[in-house]
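> The primary structure of each chain is shown beneath.
Protein chains: 2
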Amino acid sequence: MRITALAGGVGGARFLRGLLTYLKQRHGAAPGSFAVTVIGNTADDITLHGLRVCPDLDTIMYTLGGGVHEGQGWGRADETFGVATELAAYGAQPDWFTLGDRDIATHLVRTQMLNLGYTLSQVTAALCDRWQPGVTLLPMSDDPVETHVVIDDETAEGGQKAIHFQEWWVRLHAKVPARRILAVGAEQAKPAPGVLDAIRDADVVLLPPSNPVVSIGTILGVPGVRDALRGTRAPVIGISPIVGGAPVRGMADACLTALGLETSAEAVAGLYADFLKGWLVDDSDAHLAGQSIAGAPIEVVARPLIMRDLAATADIAEGALDLARHLGE
Amino acid sequence: MRITALAGGVGGARFLRGLLTYLKQRHGAAPGSFAVTVIGNTADDITLHGLRVCPDLDTIMYTLGGGVHEGQGWGRADETFGVATELAAYGAQPDWFTLGDRDIATHLVRTQMLNLGYTLSQVTAALCDRWQPGVTLLPMSDDPVETHVVIDDETAEGGQKAIHFQEWWVRLHAKVPARRILAVGAEQAKPAPGVLDAIRDADVVLLPPSNPVVSIGTILGVPGVRDALRGTRAPVIGISPIVGGAPVRGMADACLTALGLETSAEAVAGLYADFLKGWLVDDSDAHLAGQSIAGAPIEVVARPLIMRDLAATADIAEGALDLARHLGE
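Protein sequences, first through last, are from chains U and B. So the number in the numbering used here is just where the residue sits in the first sequence, counting from 1, plus 1135. So the number in the numbering used here is just where the residue sits in the second sequence, counting from 1, plus 1135.
Don't read these hints as lab results, they were simulated from the structure. Glycine residues also receive a C-beta, built at the ideal position from the N, C-alpha and C atoms. There is no bait here: all hints are sound.
So, partial list: chain B residues that the calculated Cβ filter (under 8 Å) puts toward chain U: (1) Thr1215; (2) Arg1237; (3) Val1244; (4) Thr1246; (5) Arg1265.
Which chain U residues face chain B? A few, computed with CB under 7 Å, are given here: (6) Gly1185; (7) Gly1217; (8) Tyr1225; (9) Asp1236; (10) Arg1237; (11) Ala1240; (12) Leu1243; (13) Thr1246.
When you get a sec, could you build the whole thing from the sequences and use the hints?
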């Protein structure tokens, strides 16, 4: 069984770990009997202190490779901050994004390889050689795409300015209203090698509970990806990141508001209506089950969606694959 | 009094600390009454994991700025190695040069500034803004000069190969005979801004007990530097790095052998004979006092030259300045 997932950071990574646990342990699938390809969001990548940082790819790699800080869901376990302390002593900017020492080694390897001319796909494969995440991790594109957020700024010309997504997310905690969210470079970006084939040739395509705007949304913005999702024979099954009108994690509500959408499982499904076949919502959104969403033939199934532990997460993955099987019949 | 020193790493840095101690504490010089300019060797600079590392400049900066690891004489005090441990886990090469976390912050700031187009002079000044070393620290050149060492290698064409100085020094501990020592890029290098003026306009020029081949020697190899030393009105006073036929520190003997020279205070003075006016040797080399060296009019004075502590080092600096005063009379 070939499973392809589009994923952002923490939510996607945790779902994928549940998926692998389900496949290997519950389902008892032999190692060669399934292959999971993950198309990772790269639009929140950022260059800090000259280092190319790919937060979502690293979160997936660290989580599935056993190196993640479990409590926070991103970054390295047992992290230290010797470099960051010294950068602060130099007054190096930006000072609102703290890189850990262990994490910096990843960025050094990546940056050096990129500067030598390797593509982000090649770099990601090289890093995964160490981490052995148990999936094929592909960046959505080898071309730079960076999410920028337009916010009000009285001092700027026109009363608005655009800042990097990370500045909005990390420094401003997404508390300043986003007037627009732009994926700079998306129109010129090409899908990374293997991305479109992974969608077209899959048996199941999954959308983990990642941010629908700045994670899944930016992957969908790479030319060709959306068409591949519309055209694939595989059922596309999504897991709602919104439970009972609030994001399970992160600040997806602030992103949906920027798009003029309400924060609801229904609104998110509406963003995927042209290719989505199945939609898992939480029991608290059970009223959506059996209803039509955005006039599209989407099968909505309600079940517990809180990934409170690995077992619960594996259950959710099982639910998604069950729905795919049902739709494929 | 304007004092200009040409310096390598640990030996130069420790001497300079003694010099500043002498000037400020013993001599009771008012802060504005003296100015020390240090022309630092950059030929053992190396790019590691994409980071530009300037070992000699940093050793001077850390030592005079109060951040050096006192025991080893280079690198940062209270250093940690989170990044290096992870780089090893990735199998990143080279694996024979270990960078500490605190030190890496310096290299990140430097590398980012260089990549933005700042010169090494500008970068060094920016780093010194934090460290306040009490001297004006100038790189010998803003152009890249890298010392390479030719060693025997049966597998190489011609039976020899050239390796970066750091590989010979750090990985091979200078135990493999150096057939030749080359300063790659030296002929095309220009002295950094201020270097020639600092020599020409000085009241005293000092050569601390640094390696005569790969530290002082490479500075002398920058076109214009040697001529400036020959032409300056200031007496040029050197402190022998060789005591009783052996280097006080480091592996200068291996470097002198590569030049076909013996390891002696006399042989080192011979390398400077065209501009040296005064030469401090250790009491164990007292037989040289009053003798002619290389047929040049060099005044040789014997005194204790072991920098066993700051007080002893300040004494040596005092001896050098006394000799300069005597020669200037």
